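Given the coordinates of chain A, assemble chain B onto it according to the supplied hints.
Chains as they are written, first to last, in this note's numbering: chain A, 1 to 156; chain B, 1 to 222.
If you are wondering where the hints come from, they were derived from the structure by calculation, not from laboratory data. You may find that some hints are simply not true.
Result set (EDC-like, lysine to aspartate or glutamate): computed pairs, CA atoms no more than 16 Å apart in a straight line [claimed, not checked]:
1) A/Lys21 to A/Glu53
2) A/Lys21 to A/Glu147
3) B/Lys104 to A/Glu112
4) B/Lys104 to A/Glu116
5) B/Lys104 to B/Glu160
6) B/Lys104 to A/Glu85
7) B/Lys143 to B/Asp114
8) B/Lys104 to A/Glu53
9) B/Lys104 to A/Glu89
10) B/Lys216 to A/Glu89
Just a few of them, taken from the derived set where beta-carbon distance is under 7 Å, the chain B residues facing chain A [stated by the list, open to error]:
11) Phe55
12) Thr213
13) Phe218
With beta-carbon atoms standing in for the labels, derived distance ranges [stated by the list, open to error]:
14) B/Glu172 to A/Glu10: 49 to 59 Å
15) B/Lys216 to A/Glu86: 36 to 46 Å
16) A/Ser149 to B/Ser93: 53 to 63 Å
17) B/Gln115 to A/Arg70: 45 to 55 Å
18) B/Val212 to A/Gln68: 28 to 38 Å
19) B/Glu142 to A/Pro25: 33 to 43 Å
20) B/Pro27 to A/Glu34: 43 to 53 Å
21) A/Glu94 to B/Thr201: 17 to 27 Å
22) A/Gln143 to B/Glu118: 50 to 60 Å
23) A/His55 to B/Gln31: 17 to 27 Å
24) B/Ile60 to A/Gly36: 55 to 65 Å
Note that the structure is a prediction, hence the values are computed from the model and not measured. For each residue, glycine too, the CB sits at the ideal point set by N, CA and C.
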Amino acid sequence: MVLITVETLEETLTLGAILGKLAQPGDVYCLLGELGAGKTALAQGIGHGLGIEQHINSPTFTLIHEYQGRLPLYHMDLYRMCSVEEGEELGLTEYFWGQGLCVVEWPQVAAELLPEDILEVSITFRDEVREFNLTAHGLRSQQIVKEVSRVVDSKY
Amino acid sequence: MAVHYNQELVAESFLHTTKTHSERLIPMVLQLLENAEIDFGELQAVAVAAGPGSFTGLRIGMATAKGIAQVRDIPIVGVNTLDALAQSGLGFSGLIAPVLDARKNEVYTSLYKDQGGEITSVGQYRAITPASLADELASRTEKIMFVGDAVPAYRELWRERLSGQAIFLPDELSLPRGAHVGALAAQRLARGEQDDLYGLTPFYIRLSEAEVTWAKKFGQGV
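For reference, chain A alone in the conformation it holds in the complex:
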């Protein structure tokens, strides 16, 4: 588990870019946090890290946005999804177990469909200060957390 504190949008985007650069096919990043926590901002940073030039919008109403960068990016917001069955019928399983990077906001309802080894990013904030809590759930995500830690330490 690693805790990273940021104070500006710039820093959120930089952290996202680090996560984007580290991503490998099949990785799943689950973003947890209240409205306004910075989940979509982080996703934008991730997109930059993958070399995606398109503007990354919140998928709150569309559920899933696909982009092509160094890897396919599947950016999801499952806030409006009512049940895991709905997620199944949307084909979420194929995304989660596919060869791109999944960045999932509000992933809770899809727990059953997700692989075990996800990188969990929990965001809390007060005023302008945001805390990103990175938790690993398997070998691959542990690797990512270690790398992020190393890069962030060397930068600051």
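What follows is chain B alone, placed relative to chain A:
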């Protein structure tokens, strides 16, 4: 996909790539009909593999089949994909276990036997982990023939758990074939059966009853 005339297979085509098939589907249908020298207007029924399988693949197939059936105003027949796969085991004296990749480290499967020249179901459609399937089958005395797209991924595991009991059909005999779907559909049609155009839905094997919450699954972490 395949075309049958009077219950005989006339033409068949096949595509198994990792790319999305949806763009090739309609061109392939038209090419198949052209090869068979059958006019689109001569079609009398449409059969479609109804699942289990990939949700998106099933819906593309079903939408295409329904579109054709609606435009031609002809009967549509759904065929269970596991039933169709099991047809590859005709002539085998043991158990036939079609296995389809269900992601999430699970397979869709059921059990069949050749009884008097006809493949009959002796099991239930379900989603199960490859390890659990091996445990169940280990207690059976018959030989088991595994067929389907899950074979490459789990062949070693099943070979290890079941040793000489397990037989694996190679890739070219292991993929769902339009010919088998058509043959089973023709049998249903001959019995006067068909499915409702609007009511026919893909056959999904539902998730297990036990609810898996985020807290239960991801409560701990490092």
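How does the Cβ-Cβ distance of serine 149 of chain A and serine 93 of chain B compare with 53 to 63 Å: does it lie in that range?
Roughly 59 Å apart at Cβ, these two residues keep to the hinted range, so it holds.
Is it true that the CA of lysine 21 of chain A sits at most 16 Å from the CA of glutamate 147 of chain A?
holds, 11 Å
Holds or violated: are the alpha carbons of lysine 104 of chain B and glutamate 85 of chain A at most 16 Å from each other?
Holds, at roughly 15 Å.
Proposed proximity, glutamate 112 of chain A with lysine 104 of chain B (alpha carbon, max 16 Å)
holds, 9 Å
If you check the beta carbons of glutamate 94 of chain A and threonine 201 of chain B, does the distance land in 17 to 27 Å?
holds, 19 Å
Given the hint of 28 to 38 Å, check if valine 212 of chain B and glutamine 68 of chain A actually sit that far apart at their C-beta atoms.
Cβ of valine 212 of chain B to Cβ of glutamine 68 of chain A: about 31 Å, so the range 28 to 38 Å holds.
Hint check, phenylalanine 55 of chain B versus chain A [nearest Cβ-Cβ separation less than 7 Å]
Holds, because the Cβ-Cβ distance from phenylalanine 55 of chain B to chain A comes to roughly 5 Å (cut-off 7 Å).
Next pair to validate is lysine 143 of chain B with aspartate 114 of chain B; report whether the Cα-Cα distance is within 16 Å.
It holds: about 13 Å lies between the C-alpha atoms, which stays within 16 Å.
Distance restraint between lysine 21 of chain A and glutamate 53 of chain A, which requires alpha-carbon spacing of 16 Å or less
holds, 14 Å
Given the hint that lysine 104 of chain B pairs with glutamate 53 of chain A, does the C-alpha gap stay at or below 16 Å?
violated, 32 Å
I want to verify a distance hint. Is the separation of the beta carbons of lysine 216 of chain B and glutamate 86 of chain A within 36 to 46 Å?
violated, 20 Å
Between isoleucine 60 of chain B and glycine 36 of chain A, does the beta-carbon spacing fit 55 to 65 Å?
violated, 38 Å
Taken one by one, the earlier hints fail for this structure at numbers 5, 8, 10, 15, 23, 24, listed in ascending order.
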